[in-house]
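Enquirer: Going down the list, the sequences are from chains E and P.
With the numbering used here, letter number 152 in the first sequence gets 152, and the count goes up by one each step, no holes.
With the numbering used here, letter number 186 in the second sequence gets 186, and the count goes up by one each step, no holes.
Calculated directly from the structure, the hints in this document are not laboratory data.
Hints should not be assumed to be uniformly reliable.
[Claimed, not checked] A few chain P residues that face chain E, going by a derived Cβ cut-off under 10 angstroms, partial list only:
hint : residue
1    : W114
2    : G116
3    : E146
4    : L173
5    : K181
6    : R243
Note that beta-carbon positions come from the ideal geometry of N, C-alpha and C, so glycine has one too.
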Amino acid sequence: MAFIEIEDVDLVYRNSFGHEVSDGTLALSGTNLTMEKGEFIALVGPSGCGKSTLLKVVSGLIRANKGKVTVAGETVTDPLKIVGMAFQNASLLPWRSTRENVLLPLEIVEPHRQRFRAEKAHYEELADKLLETVGLEGFGDRAPWQLSGGMQQRAQLCRALVHEPDLLLLDEPFGALDAFTREELWDVLQALYTDRKCTVMLVTHDLREAVYLADTVYVMSARPGRVILDKKIDMPRPRKLEDLYSRDIADLIQELRHHINVARTDE
Amino acid sequence: MKNIWLERLSPWILTIVLILLWEVIVKGFGISRIVMPSASESFYAIYEFRVGLWKSSLTTLYSTVIGFGIAVVFGVLMGVAIGISRPVYVTVYPLMVAFNAIPKVVVVPILVLWIGSGLQTSAVTAFILCFFPIVVNMAVGLATIEPELKDVLRALGAKERDIVIKVGIPRSLPYLFASLKIAITLAFVGAVIAETVAGSEGIGNLMLVASSNFNTPLMFAGIIVIAAMATGMYGIFAALDSRFTGWATRGSMNFATAGG
Ligand SMILES: Nc1ncnc2c1ncn2[C@@H]1O[C@H](COP(=O)(O)OP(=O)(O)OP(=O)(O)O)[C@@H](O)[C@H]1O
Ligand SMILES: [Mg+2]
């Protein structure tokens with residue numbers, strides 16, 4: 001059995017209280033997707049097609065109206081307890097230092113939660129090591145608002161990974177960054193991924209990002225979203241930025257772009 | 001350097017200028033002290049009636065602080081309840097708005113009927129006046145937690161309680177402190193209104209008596225003392241505010257305050 005199985009999922013957002021489901025927005029319709037453990041996938045598709053929604057369904061933050069979602073063999077009904085998430089907006093807590101922000105998940109997830117007070121020094125060391133691997137050595141004591149946008153995203157990645165989750169859900173984490181910083185962070189993420197071997201779902205609008213990082217890229221249709229295409233990316237890891245300029249990859253990106261354009265105009 | 005000092009001193013300078021203007025105008029136009037005493041006469045009245053003023057201000061301060069304290073405790077609890085629960089918000093909030101719109105002066109006689117006139121009446125009026133802004137501001141901080149941040153925490157298995165403790169409460173502290181600065185001055189207003197209307201002890205009553213005696217300098221002395229006390233309390237909460245929630249003015253969090 002695959003690590004994540006999404007079978008024929010429908011999701012309707014109800015627009016207001018007490019209305020019939022039929023009044024709502026159909027965000028996902030007949031969505032299918034399977035993922036192996038340790039796989040890195042990217043989700044691309046037109047804006048508003050339901051990519052973020054799909055991540056929330058997988059994490060159990062919202063419940064599918066139809067179909068079945070299983071993660072690690074269990075049907076998802078409530079929020080999973082140990083997922084790491086990161087978004088376009090770093091949403092670090094301004095009253096905590098960067099290190100304390102990274103430690104936040106450990107104050108919530110068992111079994112760390114119970115040990116947290118007693119082994120604070122140990123955990124702080126852990127956080128500092130993690131900050132070092134993303135290039136934030138020595139920034140642990142800084143307040144988040146003293147960091148640049150790119151640095152805040154690095155810190156957010158640390159927060160998403162500090163409790164060693166099996167599943168990492170990333171929703172356009174680099175969407176607000178400039179091209180150079182973004183490419184730098186691709187490598188940071190790639191290194192973290194090869195190191196941790198966790199399962200990653202990445203939502204992105206950047207096709208180069210999708211191709212560079214993922215084992216498989218899934219293209220979604222316009223709303224209501226479902227997966228209309230999957231492309232395996234056969235690039236050996238660790239990947240390098242030059243790889244993106246090879247003929248095959250350039251053609252692949254072009255092909256993906258074409259499919260999304262068709263999906264967009266097909267509504 | 002120079003600018004910082006100027007900034008610190010500017011409110012004091014303005015105060016002194018206004019007092020001098022007051023003195024000059026009253027003296028210059030030869031206004032009768034029954035109508036409007038000069039600044040020096042008013043300050044002299046503070047000295048002259050210091051015993052009565054001291055006793056009355058302590059009473060006013062006492063009922064203000066009691067009413068304010070109770071308002072903080074219940075306001076914070078109510079604010080948390082409204083901020084985290086939509087059903088509570090939907091049910092309670094409209095009623096609170098309606099209640100808050102009632103002119104408080106008309107409530108005092110009813111209070112007198114129920115609990116008599118005295119410290120308790122002033123304290124309850126102070127409470128009524130400053131409860132609402134505390135509730136609203138506490139609730140705002142809790143109700144405006146970024147949805148992404150909630151998702152991050154819920155996907156870690158956080159319960160509603162964890163989110164409130166780890167994020168909601170610290171996040172609403174700047175809103176709360178901002179409201180406390182407003183609330184303490186409103187509490188003074190409430191206490192003095194009650195003292196004036198209900199005729200219980202305190203500065204409000206002292207001024208009422210002074211008025212019936214045509215002792216205008218004492219009335220002005222009372223006003224000065226109330227203003228000084230309210231400003232002092234405001235200063236205390238402003239200092240606490242900048243000490244505990246300095247991050248809010250540095251960070252990107254932008255917040256508005258709702259007054260009452
Ligand atoms: N909380 C919500 N309530 C109602 N409708 C929603 C809600 N969230 C999303 N939707 C709707 O569901 C559809 C899918 O939204 P979703 O956020 O999943 O899109 P997306 O693919 O992530 O878009 P983008 O690429 O712009 O982030 C959209 O049409 C949106 O309007
Ligand atoms: Mg989205």
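Enquirer: The structure should be examined with respect to each hint, and the outcome stated for every one.
Expert: Evaluated hints:
For W114 of chain P, the suggested interface contact is broken, since its CB lies about 39 angstroms from the closest CB of chain E, more than 10 angstroms. A least Cβ separation of about 45 angstroms between G116 of chain P and chain E goes past the 10 angstroms threshold, and the interface hint is therefore violated. Taking 10 angstroms as the C-beta cut-off, the interface hint given for E146 of chain P holds, the closest approach to chain E being about 5 angstroms. Interface hint at L173 of chain P: satisfied, since its Cβ lies 8 angstroms from the closest Cβ of chain E, which is below the 10 angstroms cut-off.
For K181 of chain P, the shortest C-beta to C-beta distance to chain E is roughly 19 angstroms, which exceeds 10 angstroms, and the interface hint is violated. The beta carbon of R243 of chain P comes no nearer than 13 angstroms to any beta carbon in chain E, farther than 10 angstroms, and the hint placing it at the interface is violated.
Hints 1, 2, 5 and 6, counting from the list given before, are not met by this structure.
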